Structures are given as C-alpha cells and as structure tokens.
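A.B. asks: Following the hints, position chain Y against chain Z.
This is what each chain is made of:
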Amino acid sequence: MLDVVVAIGCVTFVMMFVLNLGGLLTWVERKQSAIMQDRIGANRASILGFRVMGLFHPLADAIKMLTKEDFRPARADRLLFGLAPFVSVFFALVAFASIPFGDTLRIGDREFPLQAVTLNVGVLYVFAMLSLGVYGVMMAGWSSANNYALLGAQRAAALMITAEIAIGASIVGVIMVHGSLNMQDIVRGQGRLLAGWLPAWGILTQPLGFILFLTAGIAATKRIPFDMPEGESEIIGYFVEYSGMKFGMFAMADFLETVVIAGMTTALFLGGWQVPWLLADGVHFPWGTTVALPHLVVVGLQVGAFAVKVCVMIFVMMLVRWTLPRFRYDQAMRLGWLGLFPLSILNIVLTGAVLLLIGGQAS
Amino acid sequence: MRFGQRFYLIEAVQGVLLTAGHFFRNMRAHVARALGSRTARGAVTVQYPEERRPYSPRLRSLHRLVRREDGSPRCVACMMCETVCPARCIYIVATEHPNPEIEKVPERFDIDLGKCVFCGYCVEACPEDAIRMDTGILEFSSYSRRGMIYTKEMLLSLEPVGPDGRPTSPVPIPASRTV
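Here the protein sequences come in this chain order: Z and Y. Under our numbering, read the first sequence as residues 1 to 363, first letter to last. Under our numbering, read the second sequence as residues 1001 to 1179, first letter to last.
Just chain Z, same shape as in the assembly (with noise of 0.2 angstroms):
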C-alpha cells in the first residue's frame, strides 16, 4: 500500500514538475529575452485588472490554441497527421520518468527512490525517449503533404541525429567516472569531495563534457541556434501546416524538451540533488562543523536544490537562445560532426588516460 502511494506521489511530482516548468517557460521566454533586450515584455492579458507581471499571457494562449480552428490539409495523412503532435509530447513528457530529484526517501523502516522509475540504464533510456521524440516531427512533416514540411522533417532528422550522436560520446567521460548507468549512482557518486572541500560535479570533473552536451542538449530541443528544422524566415517547418492546440502541442514539446535537458545536465554535471557538504545526517563543513539536520529537512533540501538546479540550467539555455544567431544547416552538420563529436571522442580518451593515471574508476 506504502509502495503504491510513493510511487503515485513520485510520479505525479515528475509530472506537475514537468508539465508546470514547460507551461510556464512560456513566460519565462517572453519575460527574459524582454529584460535581455531592455524591454518590458507581455504583460497587458488581465483579469479584473490583475496583471501579475504578465503571467496570464500563457492561460491566454491556451484559451487561444484550443478554441482555434483545427485545421487539416485535404490530402494529409489522416491518422499520422493528428497522431504527429501526441508523439512529440508524449515522449518529452516520459523522458523526465528516469531522472531522480532526490535521495532516498525514509518512511518508517522502508526507504523509497525518489525518482518516478528506478532503472539500471537510466541515461540510456532518456536518450531512448529523446530520439523517439524525433518521431513525432518526421510524422508531421511527412504527412502533411507538403515540401517544405517535408523538408523541416528531413533537417529535424539530421539534426537529431547528429546531436544524439554528441550527446551519446559526451556523457560516455561520465559513465567511464562513476562505472554506472543508473542516473541515482550517478548523482551519489558526485557527493564525494575533491581535495576535502570541493564537491566533485561532473562540470569539475569533465568540463569538455559538460561543454560538448550543454551544445549537443540544446541542438536536441530543435530550438535556436539550432532551429534548422523551423527555420522561420525560410521554410517555417515541420508544422507548417499544424493550427491551434496542435501546433501548440509541438512548441510544448520543445519547452519540454528544454526542461528534461535541463534536468540531465542538472543530474550528469551539476550534481543532482547534491547540496555542497549536505550529507543523509546533516551538513558536514570542511573545516570540521557539523550541523545535524532532521530527515524529511535534508530530503527538502535536496529536492529543492534539484528544482533551483533546473531553473539556473533553463535560464542559461534560455539566455543562449536569445542571445545567438540560428546556424546554417551545413554549419550546424559541421557543428557536430567535425566538432562535437570528435571532440567527445577526445574526452573519452582523456578521461580513460586520467582514470588510469590516478588508478581505476573513482567511485
């Protein structure tokens, strides 16, 4: 009984996490790249002449994508067109499940994950769900019976398979640190202390490999500066021929998209749920003071350090976003063909030679 109610509250935190950090990146998107370009931003949407800095902009939006017409090109493939956008979501939705926002959990005797699914190939089955994403795009591109839909699908295909690529070689430096695949060892394994002080994040020890998929994780959310597959100003895209919720359906994927990046960058480099020093027991400072800390405190702790952890990664990928140009199609193949990829290449060697060095795997 226990189990059941863990698991259902694990699940459903993952999901308003999610579901709620991609509705909202929304306005976090109209705000930020406002205050970046000193601007103002939306903030006129009111009811009973509240504001709130805008935030009703998004429950606006909705109100306007589903009371749109849903509009569908006479000779589109039925059931892929209107299955198109469910994929997309879908997959960016499931893609969190894998990724733990906390230690273990202490009810009575019995300990519980606190990650919506305990799985010994945690990092391979997000990037499972991230490459099924690209699914969704082809689908709609193909059967919306039109070129340039057709040709978004093509370059969405090539971009993700080029980024997946970097992705897959980038995060081998980490699994070769910490000899798991499971994500929870993963974020345990970056509690140790460099030195006695320093904790030992993945941006510390594999700052190549943070760099290579923080740009390969941004190219996999087909956002700018790798929007080839939308490219606005010259083929609209993938979804040209999508109108109302289901158009919004494919941009909620790429703020989804954006939050589980987020969150595997948070989990493989910036040390998870990790707080500096904070052990199960309580903080423990280098110099020797010890704080003893309740359970279900540090269990807070953790878990609101994961979500801040988050936040800072989406307002770095948003302020990338905002700030450079959208690459050339050629130039972003030669982005990661000719560099991410063999560069990941060298991070696999120069950790294997380091891990040598300083004798076998550190965990």
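Hints in this document: simulated from the structure, not taken from any laboratory. Computed from a prediction, not measured in an experiment: that's the story for all the values here. Watch out, some of these pointers could steer you wrong.
Stated by the list, open to error - Short derived list, chain Z residues pointing at chain Y, Cβ under 8 angstroms:
| # | residue |
| --- | --- |
| 1 | V28 |
| 2 | I35 |
| 3 | M36 |
| 4 | D38 |
| 5 | R39 |
| 6 | I40 |
| 7 | S131 |
| 8 | L132 |
| 9 | W322 |
| 10 | T323 |
| 11 | L324 |
Ideal Cβ positions, reconstructed from N, Cα and C, are used throughout, including at glycine.
C.D. replies: Leaving out everything else, chain Y in the frame of chain Z:
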C-alpha cells in the same frame, strides 16, 4: 577569421555574457522599482497608450483652421492649398463673406485624411496663415474611408498643442464614421 572566432565557443560566451549583463542590470532596476525607487528604469520602452513621449514642436500633426476674433475662419478660400496639395486631398467651396472688407470665405473645407501625405505644403502655401498642422493629434484612424474626411467645422474647433507637447483639444470624430 582568427582562431578564436573560428572556434566560436569564446565568441558565443562573450555574447552570452553581454546579454546576461543586460539581464542582470535591468533586473536590478526592476527590483529597485518594485521596492519603491522612482528613478530606476529597467527598460527603454514607453508603455504607449498610458505613457506618451512629448512630440517635437516641428511635428506635422492633424490640421486645424485658424479662427478670426469673431470665430469665423481666417481662410479666404484662395485655393492655394488645394492647388499645391500633391495628394489632392483638400476640397474647398468658396462663398461671399458678409463683411465687404473680406473677399471670400470657404463654405466647405474638407480634408480627406485618407489621402493626405502630411507634407505640410498647404501650411506653407497659405497667404493668410489660416491652416496649421500644430494640434499634436495623431490618432484619427477609422474603419471606413468616409470616416477619414474632416469638415470645416471640425477643423475649426481644434486648438494648438499645449506647452507640454500634448494635444489640448479632443480628437474630433466625423459624423460619417461608422464605428
């Protein structure tokens, strides 16, 4: 290109630092404003319908017909403005003035603002200084072409812009305007 530019990462980081600098500087101003500071400004934009920038005194805005002391138009219907108008948007019908000192007076003086290009030639051509473009009114859009035609009475009722650069008279609504 230098190696650093070809490498792109350094350039990208520099760009991100620039935009991040703008973000945090503006964010600090927004927070200071929320906490009660009157001088902090986090954006350079003007919230248009509520906030307005003062217009330049040279601005050519909605026309007005200057009145004599008795309230009749100063215009003597010489047709100079109608002739010089490159958009041909002025339509004048002249009539006799009751005062024998004054030769003529316009019976009708219509300006079709849908055609007007706001060149200001009518103001320059007028020998009597009877038409000016100094009302400071810019918002006279309409849903129909007929609603853009302004008659003599409406143009006579307008006042010049105030010393603060804001219009002093309300925007006249043509009777023919449908919405």
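A.B. asks: So which hints don't hold here, by number, going up?
C.D. replies: 1, 7, 8
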